[in-house]
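Chemist: Below are the chains, spelled out letter by letter.
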Amino acid sequence: MKTLKKSGLSKEEIIQAYYEVKRGRRLDERLWQLTRIGKTSFNISGQGAEVAQVAMAMAFEHDKDIFLPYYRDMTACLVWGMTSKDIILGSFGKDADPSSHGRQMPNHYGSKEHNIVSFASTVSTQMPLATGVAYAAQLEGKDYIALTTTGEGSANQGEVQEAMNFAGVKKLPVIFVVENNNYAISVPIEEQYANENMSDRAHGYGFEGITVDGNDFTEVYLTFKKAVKDARSGKGPKLIELKVYRLTSHSADDDQTIYRSKEDIEKMKESDPIDVFEKQLIDEGYLTQAEMDKMDEEIRAEIDKATDEAEAMPDPAPESLLDEVYAK
Amino acid sequence: MAEMTYLEAINLGISEEMARDEKVVIFGEDVGGDKGGVFGVTKGLAAKYGDNRCFNTPLTEGLIGGLAVGLGVMGYRAIGEFQFADYILPATNQILSEARTMRYRTKGDWTAPIVYRTPYGGGVRGGLYHSQSTEKIFAGQPGLRVVTPSNPYDAKGMIKAAIRSDDPVIFYEHKRLYRLLKAEIPTDDYIVPIDKANVVREGSDITVISYGMMLQYAISAAEKLAKEGIDAEVVDVRSLYPLDRETLVNAAKKTGKVLLVTEDNKEGSIMSEIAAMISEDALFDLDAPIKRLAGPDAPSMGYALTLEREFLVNEDQVIEAMRELAEY
Ligand SMILES: Cc1ncc(C[n+]2csc(CCOP(=O)(O)OP(=O)(O)O)c2C)c(N)n1
Chain A
3 MKTLKKSGLS
13 KEEIIQAYYE
23 VKRGRRLDER
33 LWQLTRIGKT
43 SFNISGQGAE
53 VAQVAMAMAF
63 EHDKDIFLPY
73 YRDMTACLVW
83 GMTSKDIILG
93 SFGKDADPSS
103 HGRQMPNHYG
113 SKEHNIVSFA
123 STVSTQMPLA
133 TGVAYAAQLE
143 GKDYIALTTT
153 GEGSANQGEV
163 QEAMNFAGVK
173 KLPVIFVVEN
183 NNYAISVPIE
193 EQYANENMSD
203 RAHGYGFEGI
213 TVDGNDFTEV
223 YLTFKKAVKD
233 ARSGKGPKLI
243 ELKVYRLTSH
253 SADDDQTIYR
263 SKEDIEKMKE
273 SDPIDVFEKQ
283 LIDEGYLTQA
293 EMDKMDEEIR
303 AEIDKATDEA
313 EAMPDPAPES
323 LLDEVYAK
Chain B
41 MAEMTYLEAI
51 NLGISEEMAR
61 DEKVVIFGED
71 VGGDKGGVFG
81 VTKGLAAKYG
91 DNRCFNTPLT
101 EGLIGGLAVG
111 LGVMGYRAIG
121 EFQFADYILP
131 ATNQILSEAR
141 TMRYRTKGDW
151 TAPIVYRTPY
161 GGGVRGGLYH
171 SQSTEKIFAG
181 QPGLRVVTPS
191 NPYDAKGMIK
201 AAIRSDDPVI
211 FYEHKRLYRL
221 LKAEIPTDDY
231 IVPIDKANVV
241 REGSDITVIS
251 YGMMLQYAIS
261 AAEKLAKEGI
271 DAEVVDVRSL
281 YPLDRETLVN
291 AAKKTGKVLL
301 VTEDNKEGSI
311 MSEIAAMISE
321 DALFDLDAPI
331 KRLAGPDAPS
341 MGYALTLERE
351 FLVNEDQVIE
361 AMRELAEY
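Protein chains in written order, with the numbering used here: chain A, 3 to 330; chain B, 41 to 368.
Incorrect hints may appear among the rest.
[Stated by the list, open to error] Keeping only pairs whose Cα atoms sit at most 20 Å apart, straight-line, the calculated EDC-like set for lysine to aspartate or glutamate is:
{"no.": "1", "chain 1": "A", "residue 1": "K269", "chain 2": "A", "residue 2": "D285"}
{"no.": "2", "chain 1": "A", "residue 1": "K144", "chain 2": "B", "residue 2": "E69"}
{"no.": "3", "chain 1": "B", "residue 1": "K147", "chain 2": "A", "residue 2": "D97"}
{"no.": "4", "chain 1": "B", "residue 1": "K63", "chain 2": "A", "residue 2": "D145"}
{"no.": "5", "chain 1": "A", "residue 1": "K173", "chain 2": "B", "residue 2": "D149"}
{"no.": "6", "chain 1": "A", "residue 1": "K237", "chain 2": "A", "residue 2": "D145"}
{"no.": "7", "chain 1": "A", "residue 1": "K296", "chain 2": "A", "residue 2": "E14"}
{"no.": "8", "chain 1": "A", "residue 1": "K96", "chain 2": "A", "residue 2": "E293"}
{"no.": "9", "chain 1": "A", "residue 1": "K228", "chain 2": "A", "residue 2": "E210"}
{"no.": "10", "chain 1": "A", "residue 1": "K96", "chain 2": "B", "residue 2": "E69"}
{"no.": "11", "chain 1": "B", "residue 1": "K147", "chain 2": "A", "residue 2": "D317"}
[To be verified] Rough simulated footprint, nothing fancy, chain A against chain B, three-plus residues with beta-carbon under 8 Å:
{"no.": "12", "stretch": "83-97"}
{"no.": "13", "stretch": "125-137"}
{"no.": "14", "stretch": "204-215"}
{"no.": "15", "stretch": "246-256"}
It is worth saying that the hints were derived from the structure and are not from the lab. None of these values were measured; they are calculated from a predicted model. Even glycine gets a Cβ: it sits at the ideal position worked out from N, Cα and C.
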């Protein structure tokens, strides 16, 4: 594992990265809690992928690069600019929810204000859209990039191959990401694909594919930094596979103990990437335990406040069901 | 004014819009370069507007569907061509899951102003897979517009309106009409609305409702029957979804006798919905049961001339059905 120092990021940036990682975890825990007490009806979380998502997202310029995420990317969306309140508004299905104004299930992130494009629940349909976004950049001669993510099961959809093929042909500024957490609901990778790494597929489309350990903050960051530089300078797309954990069940409606052994789950939880990251921060002298605890308290307070504020916001008016079916 | 075929009228309409608005781009299989599409609808556009704005895609309909949405969210007005209406099926997911819902699921924050163009219809010895009427697949899908012009004047005016529309529009072009119909049309800027049916012939005895090639039969039949003293009102549906309920129902009420003619299968076609609307709104104005003249419920027409002829409604059948209805 590479040291944090090797990332080339400043001390402030590393501390900010930790704040985002921790905020992602605490916010997700809150979302689970809200389902458990019956205030919301669904959650699907990125627990286990926070470090990788923050390292990935930090390599982009959020006010110009366009993000086309999938449902586990809450933490990356926070780095892109969404607030805890924005996310909780989505879980409550409030009218002010920037993702869909209460129209989609929770975890379908989007925000026009923050350059995050809305996506469907049908997995991987955002991938061809990302090529359109990247083609727009090419047409305009602008140097923004499209980042799009999906899971390793979802990466088998035909549209992903169509999108990568076209991106290769046109050398588009788009970065395809597969967050490989070993399971598509209950289906393990052995039943999902036969090649060694998902990233091997990139070669078939004429561009580079890279597999990275998602627990290694610096490695992920540097990989994306390079991919961003290449895409911005017209060198075309990349496929980056992030090897991450899925610490939770697939969603609030799933129970992973049915298809994963207790030992397997325990072992995975013992190597929680946040613990690994915290150890690095202490060992390299970025933060003390006491400083991290203090930050955690602040994050919890922020999330409590965001929850209360979001809950108090108005629900969508029933008659708004018919709004925006067509342009006026 | 200039005499133009239906095909040339569409080409001119697109060309005018590309000249007017540099955000209009067009793409599809064989669409770019000197070829200009397998039917030549996009001929000359690449030379005029550059290979970036009129370009070939790989043989990937899902990509065509999604590329348009990605361009749409970035402020472009993308025209994606599907080579035949039969081959729109691989893109159905992109059209229904992404294009149709982008506006609705973000309550207007993100929109996808797109035109998907596609030739449809039989009578050109296309067999099962080059003859189908797939428009019914996209009818009954709020958020989408499905339209088809039936003459060169409408072809130019409607393609221009479709390109300017902020909704995703599927623009069906009847391939028998491409070169069959010629008319004097204005060479300056005009628009034909894409949400209105058109009463093409006023009459008092019976009402015939149709679109595409079948509408041409109805117009011709009406002229012949006028000599026998049967005065037919003929209505071009034009907007296949959403339907222009008011115009259609009023035309039915006017004569009290309704014949619906479609090239599609009898069951489950656009005409089935029109019949339902008329019976809901005008049952007590009717003097005869609503009559449908349509293709049989076989998957599509055969390649052999005998099978193609057997499938397709012809003008004699339209005349016969109109006469019967008038006598009812
Ligand atoms: C086209 C489609 N088929 C099935 C589903 C149901 N579904 C939702 S998530 C999921 C598993 C996806 O697994 P993976 O891509 O590995 O991502 P992960 O959830 O593990 O991050 C499935 C089958 C869907 N949403 N879309």
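Chemist: Each of the hints needs a verdict: does it hold here or not?
Modeler: Consistency of the hints with the structure:
A hinted pair counts as satisfied when its Cα atoms are at most 20 Å apart, and K269/A with D285/A does not qualify at roughly 23 Å. Of the supplied pair hints, the one linking K144/A and E69/B is violated, its CA atoms being roughly 26 Å apart against a limit of 20 Å. Taken as a hint, the K147/B and D97/A pair is honoured in the structure, with Cα atoms around 10 Å apart against an allowance of 20 Å. Restraint check for K63/B and D145/A: the C-alpha separation of about 18 Å stays at or below 20 Å, so the hint holds.
The straight-line distance between the Cα atoms of K173/A and D149/B is roughly 29 Å, outside the 20 Å bound, and the hint therefore fails. Annotation: proposed proximity of K237/A to D145/A holds, straight-line Cα distance about 12 Å (limit 20 Å). At roughly 16 Å between alpha-carbon atoms, K296/A and E14/A fall within 20 Å of each other, so this suggested pair holds. Under the criterion of a C-alpha separation no larger than 20 Å, the hint pairing K96/A with E293/A is inconsistent with the structure, at around 35 Å.
Between the alpha carbons of K228/A and E210/A the distance comes to roughly 12 Å, so the proposed pair stays at or under 20 Å and holds. With a C-alpha separation of about 43 Å, the suggested pair K96/A and E69/B falls outside the 20 Å cut-off, and the hint is violated. A hinted pair counts as satisfied when its Cα atoms are at most 20 Å apart, and K147/B with D317/A qualifies at roughly 14 Å. Coverage of the stretch 83-97 of chain B by chain A holds in this model, with 3 residues showing a Cβ closer than 8 Å to a Cβ of that chain against a need of three.
Residue count for the stretch 125-137 of chain B with a Cβ under 8 Å from a Cβ of chain A: 4. That meets the three needed, and the coverage hint holds. Beta-carbon proximity to chain A at under 8 Å applies to 3 residues in the stretch 204-215 of chain B; the threshold of 3 is reached and the given coverage holds. Residues of the stretch 246-256 of chain B lying with their CB closer than 8 Å to a CB of chain A number 0, which falls below the three-residue condition for coverage.
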